[in-house]
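Asker: The listed protein sequences correspond, in order, to chains A and C.
All the letters of the first sequence, read from the start, carry residue numbers 1 to 244 under the working numbering.
All the letters of the second sequence, read from the start, carry residue numbers 245 to 543 under the working numbering.
Hint data in this document are derived by calculation from the structure and do not stem from the laboratory.
One should not assume that every hint holds.
As the list claims (entries may be wrong) - Below are the DMTMM-like pairs computed for lysine to aspartate or glutamate, each with C-alpha atoms no more than 25 angstroms apart in a straight line:
| hint | chain 1 | residue 1 | chain 2 | residue 2 |
| --- | --- | --- | --- | --- |
| 1 | A | Lys80 | C | Glu329 |
| 2 | A | Lys80 | C | Asp498 |
| 3 | A | Lys80 | A | Asp242 |
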Amino acid sequence: MIRLVHAELLKLLSTRILMWLGLLTLALVALFLSLTAANNAADELARPGHQRDLVAFAAVSAVVALILGIVVSAGEYAHKTIGHTFLVSPVRERVVAAKLVAGTLTGLVLGASATVVSLGLTALWISVRSVPSHLGSREVLLAVPGTLAAAAIAAAIGVGFGALLRRQTGAIVLALIWLLVGEPLVAAAGVQRYAPGHAIAAVADAGRRSGELLRFWPGTLLALAYAAVLAVAGAFAVSRADVS
Amino acid sequence: MAEAAPLEVRGLTKRFGSTTAVEDLTFAVEPGRITGFLGPNGAGKTTTLRILLGLVHQTAGEALVGGVPYRELDDPARTVGAVLEASTYHPTRSGRNHLRVLATAGGIPQTRVDDVLEEVELTAAARRRVETYSLGMRQRLSVAAALLGNPLLLVLDEPANGLDPEGIRWLRDFLRSFAGGGGTVFISSHVLAEVAQLADEVVIIHRARLVAHEPIGALTARAGEGAVVRSPQAARLIEELGRAGIEAARVGEDRMRVHAPAERVGEVAAGAGIVLHELRGEGASLEEVFLELTGGEET
Numbered sequence: 001m002i003r004l005v006h007a008e009l010l011k012l013l014s015t016r017i018l019m020w021l022g023l024l025t026l027a028l029v030a031l032f033l034s035l036t037a038a039n040n041a042a043d044e045l046a047r048p049g050h051q052r053d054l055v056a057f058a059a060v061s062a063v064v065a066l067i068l069g070i071v072v073s074a075g076e077y078a079h080k081t082i083g084h085t086f087l088v089s090p091v092r093e094r095v096v097a098a099k100l101v102a103g104t105l106t107g108l109v110l111g112a113s114a115t116v117v118s119l120g121l122t123a124l125w126i127s128v129r130s131v132p133s134h135l136g137s138r139e140v141l142l143a144v145p146g147t148l149a150a151a152a153i154a155a156a157i158g159v160g161f162g163a164l165l166r167r168q169t170g171a172i173v174l175a176l177i178w179l180l181v182g183e184p185l186v187a188a189a190g191v192q193r194y195a196p197g198h199a200i201a202a203v204a205d206a207g208r209r210s211g212e213l214l215r216f217w218p219g220t221l222l223a224l225a226y227a228a229v230l231a232v233a234g235a236f237a238v239s240r241a242d243v244s
Numbered sequence: 245m246a247e248a249a250p251l252e253v254r255g256l257t258k259r260f261g262s263t264t265a266v267e268d269l270t271f272a273v274e275p276g277r278i279t280g281f282l283g284p285n286g287a288g289k290t291t292t293l294r295i296l297l298g299l300v301h302q303t304a305g306e307a308l309v310g311g312v313p314y315r316e317l318d319d320p321a322r323t324v325g326a327v328l329e330a331s332t333y334h335p336t337r338s339g340r341n342h343l344r345v346l347a348t349a350g351g352i353p354q355t356r357v358d359d360v361l362e363e364v365e366l367t368a369a370a371r372r373r374v375e376t377y378s379l380g381m382r383q384r385l386s387v388a389a390a391l392l393g394n395p396l397l398l399v400l401d402e403p404a405n406g407l408d409p410e411g412i413r414w415l416r417d418f419l420r421s422f423a424g425g426g427g428t429v430f431i432s433s434h435v436l437a438e439v440a441q442l443a444d445e446v447v448i449i450h451r452a453r454l455v456a457h458e459p460i461g462a463l464t465a466r467a468g469e470g471a472v473v474r475s476p477q478a479a480r481l482i483e484e485l486g487r488a489g490i491e492a493a494r495v496g497e498d499r500m501r502v503h504a505p506a507e508r509v510g511e512v513a514a515g516a517g518i519v520l521h522e523l524r525g526e527g528a529s530l531e532e533v534f535l536e537l538t539g540g541e542e543t
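Could you build all of it, start to finish, from the sequences and the hints given here?
Answerer: Written out as structure tokens, the structure is:
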């Protein structure tokens, strides 16, 4: 199993996809964070809650991690390399499990890089705008585990979803449409806190209270449940499908 | 207990919806030999191979590698080397990294990667992206991947497709030396000539069913004796031959192909007082036998 996880990581590292998704994440974090910090008044920026908001832009990495997860599981169908993979490792459930581990680890790394950048940029804006720093406060620091967990679980959800569909582009488009259209519709019905996107948001929102979202632990358990159900369904679908 | 055949299918059937790709197929491949797997395009060769390799699920029957289904092999990479039809790669991954991924997943030492690259003469291009490879280089990369685990059995699906004559010669020499070292080869093709010089025996399928499984020599013998005849009285000769129970086919104004030894044709012609301008014994080519067995369809 360890060698299969290693092989999956090697697959990611031997193409440029990880580099591009990483750069995309960092660019998005830097852009959103800087636009917000530059446009807000200094007394606004001085509040711990606002500094938390800035650091929490790192949670954008969860959306990219979702896409990354889909690439990890469905990408081999797009490039038709899945046959090679199953020839070496014909027990397909083990391949899906290895992809789940590798995808989750990579999502975690993506979240960590985004957090480093968001902490650094927030510190930079605090110093540029000469406001007192609350970066050491519990409220701000809890954004770190929130982002890491959100990115890791989002990647796991992506792996399961990609395995279920086995179509890379289709799965990415569907996932984004769900986030942009599906979740707001669910929110209109008032049950958004149980939707997967909002569950991930609840994970990222660690340490805070929002009427829109579940609290951290229920949100984390729900997001993990989504990941688990999709992974099991994905493994089942992958095992049954013919590889042509 | 006798050792299990390297490859064996028993009553193998695969249906895709209402289409039957493979119907009740049964055969076993002998160890230490090169077996050709022949049939026109669409006969079910690729489906059969993919079932044997655990990539496609059969509807009924068994497909065994060394006596067990592929999925139950302890160490598939060290048991079977497979070259899939029109193998595809991630375009921006290098050939060497492609092999490193497979070696890692199969628990094969990374040193083997450079060994097999050397063996297929791909060392110089190893670190280039696969998208820059020619078709022949991609095919050799496939062979390199198949060799990673040092298997004693190679399964190749239409490996000559798209290869230039030089590539085909390389492949042929390579497979000969592999078999010479005691390896078993199962190679599919829709062109008999590709495997005729290579194979010890052939399995022929057509429209999802087995039509022949015999040594290549028997297939040659099946081609049997025939004759090419030229006569100004062609129509009468065909009539007389028909009366003697001999089939003949007109291939020109005064020429015909006869499915009988030349002596027999001469006797019939003499008996009927027919003038012959040419009488020459000539067996059918393997290609013709193949076409005959598979219903004469164009491949």
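Asker: Determine for every hint whether it applies to the structure shown.
Answerer: Structure-based check of each hint:
no.	hint	result
1	A:Lys80 <-> C:Glu329	12 angstroms, holds
2	A:Lys80 <-> C:Asp498	55 angstroms, violated
3	A:Lys80 <-> A:Asp242	12 angstroms, holds
Hint compliance for this structure: hint 2 alone is broken.
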